[in-house]
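So the sequence lines, in the order shown, correspond to chains Z and D. Reminder that position 512 of the first sequence reads as 511 in numbering that gives the first Met the number 0, one-by-one numbering, no gaps. Reminder that position 177 of the second sequence reads as 176 in numbering that gives the first Met the number 0, one-by-one numbering, no gaps.
FYI, nobody ran anything at the bench for these hints, they're computed from the structure. Please read these numbers as outputs of a predicted model, since none were measured by experiment. We treat Cβ as the ideally placed atom computed from N, Cα and C, and that holds for glycine. Some clues are possibly wrong.
Calculated from the model, a selection of chain Z residues having no Cβ within reach of chain D, i.e. all distances over 12 angstroms [said to hold, decoys possible]:
(1) G109
(2) A167
(3) S169
(4) E251
(5) A302
(6) K313
(7) N363
(8) S406
(9) E413
(10) D486
Computed list of lysine-lysine pairs in DSS-like fashion (alpha-carbon distance at most 25 angstroms, straight line) [claimed, not checked]:
(11) Z:K264 x D:K283
(12) Z:K366 x Z:K408
(13) Z:K151 x Z:K130
(14) D:K283 x Z:K284
(15) Z:K313 x D:K283
(16) Z:K26 x Z:K71
(17) D:K29 x D:K224
(18) Z:K160 x Z:K130
(19) D:K324 x D:K313
(20) D:K301 x Z:K144
(21) D:K301 x D:K324
(22) Z:K71 x Z:K156
Residues per chain, in single letters:
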Amino acid sequence: MISSSTINAIVIGAGHNGLVCATYLAKAGYRVQVLEARDSVGGGASTSNFAEGYQVSGLAHVLHSLHPTVCKDLNLDAAGLQKGTAIDTIALDLGGAHLTLDTDSASGAGLSHRDAEAYTAFKREFRSYAKALEPMMMARPPRLKDMDFQDKMTLAKLGWKLRFGLGAQSMRDFLRVGGINIYDVLNEEFSNPLLKAAIAVDAVMGHHMGPRTPTTVLTYLQRLWGETHSANSLPPGGMGQVSRALENAAREAGVLILTDAKVDKILIQEGRACGVQLESGEEHKADVVVSNADAKTTFLDLAGTSELDAMFAKRIHTTRTNGNVAKLHLGLNALPTITGLTELQMGQRLLIAPDMRYVEHAFNHAKYGEFSEHPILEITIPSIADPTLAPEGHHVMSISASFAPYSLKKGWDEARSIFTDKIIAAIERYAPGLSNAIVARELLTPLDIETQYHVKGGHWHHGELTIDQSFMMRPIHGTAQYNTPIDGLFLCGASAHPGGGISGVPGRNAAQRILAMDGGT
Amino acid sequence: MEPAPLLHDVREVLQPSPFHPRIEALCTVKNWMSWNGYQTARVYDSLASEYFAIRSACSVMDMTAMEKYRISGPDALRFLNRLVTRDVSNLKPNRVTYVAWCNDEGKVLDDGTIFSLQDGSYRLCAQHHQLDWLLISSLGMDVDIQEETHEFAALSVQGPTSFSVLEAAGIKDLQTLKPFGIANTQLMGFELMISRTGYTGDLGYELWVEPQHALVLWDAIFGVKERGLYDVRAIGLGALEMVRIEAGFIMPGDDFNTAESTVRAGHDRSPFEVGLGWIVNFDKPYFTGKKALLHEQDQPIKRRLVKLKVEGNKAPADSFLYDGKNGRRIGTIQSQVWSPILKANVALADIEYKSGEAPTEIWAEIYYQKELEWQVTWARCAVTEAPFWSNSRRSATPPAVY
Chain Z
0 MISSSTINAI VIGAGHNGLV CATYLAKAGY RVQVLEARDS VGGGASTSNF AEGYQVSGLA
60 HVLHSLHPTV CKDLNLDAAG LQKGTAIDTI ALDLGGAHLT LDTDSASGAG LSHRDAEAYT
120 AFKREFRSYA KALEPMMMAR PPRLKDMDFQ DKMTLAKLGW KLRFGLGAQS MRDFLRVGGI
180 NIYDVLNEEF SNPLLKAAIA VDAVMGHHMG PRTPTTVLTY LQRLWGETHS ANSLPPGGMG
240 QVSRALENAA REAGVLILTD AKVDKILIQE GRACGVQLES GEEHKADVVV SNADAKTTFL
300 DLAGTSELDA MFAKRIHTTR TNGNVAKLHL GLNALPTITG LTELQMGQRL LIAPDMRYVE
360 HAFNHAKYGE FSEHPILEIT IPSIADPTLA PEGHHVMSIS ASFAPYSLKK GWDEARSIFT
420 DKIIAAIERY APGLSNAIVA RELLTPLDIE TQYHVKGGHW HHGELTIDQS FMMRPIHGTA
480 QYNTPIDGLF LCGASAHPGG GISGVPGRNA AQRILAMDGG T
Chain D
0 MEPAPLLHDV REVLQPSPFH PRIEALCTVK NWMSWNGYQT ARVYDSLASE YFAIRSACSV
60 MDMTAMEKYR ISGPDALRFL NRLVTRDVSN LKPNRVTYVA WCNDEGKVLD DGTIFSLQDG
120 SYRLCAQHHQ LDWLLISSLG MDVDIQEETH EFAALSVQGP TSFSVLEAAG IKDLQTLKPF
180 GIANTQLMGF ELMISRTGYT GDLGYELWVE PQHALVLWDA IFGVKERGLY DVRAIGLGAL
240 EMVRIEAGFI MPGDDFNTAE STVRAGHDRS PFEVGLGWIV NFDKPYFTGK KALLHEQDQP
300 IKRRLVKLKV EGNKAPADSF LYDGKNGRRI GTIQSQVWSP ILKANVALAD IEYKSGEAPT
360 EIWAEIYYQK ELEWQVTWAR CAVTEAPFWS NSRRSATPPA VY
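All chains, full assembly: derive it from the sequences and hints.
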């Protein structure tokens, strides 16, 4: 417990969760300083100038889960937040029979009436499952041992939502499919291969999983949870614009933000975090240290194993944090054309994943430390809606490509250009002439993401969102309620519950936990 | 006809130690047991003669099977200080210290000794296999950990005349060697490390050599007996068990369940609970279990492993303990021995505290046989703080000559 009337908090990392957490704390009266290693705020939610005049969202490029509670609490609209218009997902077909999917309906040349109806019913049903998880997502995960009142309330609310929110029939269905793989479920529901693959991509992209991997229904629900409160969109100005709004809100609340301030270690005295030391040697003292860095960086690098119990350190060390998605940025001197798509449609979220077998085969390579021979691709061309991102008449293309394992058997040195060519070739089959339009390109492998964004393993979610690393086991049990074994040190990033995505929820939940604990142990 | 092949060769499952040729010749009753996979004598000829060799003369025990790990590298001392509950940051070269270590929950995994060797590295000796825990604990430290259980042969030479015997065997530099000190010397041209350590509570030494010199060392020591100077006897683990209880030394795995082998909640033990609170130092950098142990300190005491003197002459083997005759059951005897030198039953017992308070009365319910007929009796027990048996010659430097 801290005696001084104003608590002094340091947040390590000005990624979106760090900014969210800092703002909540500042609004509650804390004096908060955010220290960011990079030269600008945003972390994974930033806009990157990858070539002279060409800008894209650096890592995350589709906004799909920013939580309305966070937007409202932090008054992000007033801070200048523009989410951008909602976009559809278009699953590309080589023959031009593309499928367009919005939150509730599917349409396209090859889609049967039965599949279209099934899609609407499926989305309604699965969104209700995701909604049922809401009490769990918006609170600290309950401990199963030595539960306190809030833990019991969270579980009770979850139980109530599952039983009475869903109703008996839906709850039975949820319990049946909740732990299984998306492949089986989609085969039960649909016959159109393109439709099945498009949904499967949402279940596996960002994870070390193929459609047949158990628990891919859960990862799909986690993705779908964002859709329960907001649609997919491409923020004008790139994802950095979202972070700028968060930065404005933070500064408005009195948060001090220091960039180019890389934290080298967390200072610990008598088992309590008391500040940080920067790479420059400069020390900043604080009553509370909140880390938006991933759990491995926080505990193993910044705190150091010698400040931790041996098995705790080992368990953090063995969490699975190797990323599987590469990011390709292309500068184009002209808008590519895809047969059957209008320019407006080109500006949607485009998927290349013709069927679930393709997706599973793409994953097979990752199992053996290879990149996918035929990767699954999520493509956006944000310059269609926001021409300021590229020189006049030019465009930028932002592509998430899976699978690109962090630990590549042969190393990334030579593989980098080979994989880049494979991605371009895969798109070119749909968009002939693409390669002639390329004037700039940049590939970020998980290895690059690790070094440029300071995320161990370069993982989208700061660690796999498998069931053994989720909820009360995220990042590991024993530190899943945002507080850590080191008094006064908290986690607020994606390696804490409920995980990655530009949701702001880990940051919000962490701030609530810190406030409830009065910054103490 | 060809003789039938041996179905089973004991050496395939139990490793002979480098001293085995001598041990096998002396072990007349062939009472073998396994100690960490080594073929080890429990008794050579008679328990009584071996016990009195330790307490009245000079005993020699093969302790090659003791688990040994070499810890080296820039972070070796930092690693050890984070591993164990005791502050070992000031451990000087050529000194030994007794330590215990815990898991994250502050429950004892094992106890052992750390030897600060002359080359700047450390040897950790443990009762049980610890390599995996050491490797887990080494995460983030620049430290090299090698198991060297089989790279060194070791003899424990203990008893009032142990100093005289070793001097007579031609081993130098023992005169000034203090308890828990290490001497590095030579014997017949090979390197010999001697530590003034032991598990008997008496004057004694432990001798460490490379395995190829094991028999030469053995013969040098037993040569003293052959020359008619002093009696020297090989002793087995049976006699050692008697004297270590007399000296009040605990045995992890016998006197309490080690944390790693505990399955049921609440059956593991903290250092405070097994009487090792004296080697828990909170005034040092973080060590594994520190947070849990700090928390335990604030809680009412649940149980303690205590030294018990048990009245009467009936062995309280495996006895239940009660807070009065026919009272509430409060614990069990873990180890016990009839001490020939004290003429008393002494034991180590796990007893429960009620609301943090020690029981004021402890009674043992003892079952014993009289000509194969089972009898039961009650014996009053008294907790003692000091070792049941100790002798000032254990720490006298230079040691007395007998």
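These are the hints, each one checked on the structure:
1. G109: For G109 of chain Z, whose nearest Cβ neighbour in chain D is about 53 angstroms away, the distance exceeds 12 angstroms, so it holds.
2. A167: For A167 of chain Z, whose nearest Cβ neighbour in chain D is about 36 angstroms away, the distance exceeds 12 angstroms, so it holds.
3. S169: holds, 37 angstroms
4. E251: Non-interface label stands for E251 of chain Z: nearest chain D Cβ at 39 angstroms, farther than 12 angstroms.
5. A302: violated, 10 angstroms
6. K313: violated, 5 angstroms
7. N363: Its Cβ never comes within 12 angstroms of chain D, the nearest being 32 angstroms, so this holds.
8. S406: Fine: 19 angstroms to the nearest Cβ keeps S406 of chain Z off the interface.
9. E413: holds, 32 angstroms
10. D486: Since the minimum Cβ distance to chain D is about 9 angstroms, D486 of chain Z lies within 12 angstroms and the statement is violated.
11. Z:K264 x D:K283: With Cα atoms ~20 angstroms apart, K264 of chain Z and K283 of chain D stay inside 25 angstroms; holds.
12. Z:K366 x Z:K408: holds, 10 angstroms
13. Z:K151 x Z:K130: holds, 19 angstroms
14. D:K283 x Z:K284: Roughly 22 angstroms between the alpha carbons, so the hint for K283 of chain D and K284 of chain Z holds.
15. Z:K313 x D:K283: holds, 22 angstroms
16. Z:K26 x Z:K71: holds, 13 angstroms
17. D:K29 x D:K224: With Cα atoms ~22 angstroms apart, K29 of chain D and K224 of chain D stay inside 25 angstroms; holds.
18. Z:K160 x Z:K130: holds, 8 angstroms
19. D:K324 x D:K313: It holds: about 16 angstroms lies between the C-alpha atoms, which stays within 25 angstroms.
20. D:K301 x Z:K144: Holds, because 20 angstroms separates the two Cα atoms, which is no more than 25 angstroms.
21. D:K301 x D:K324: holds, 22 angstroms
22. Z:K71 x Z:K156: holds, 23 angstroms
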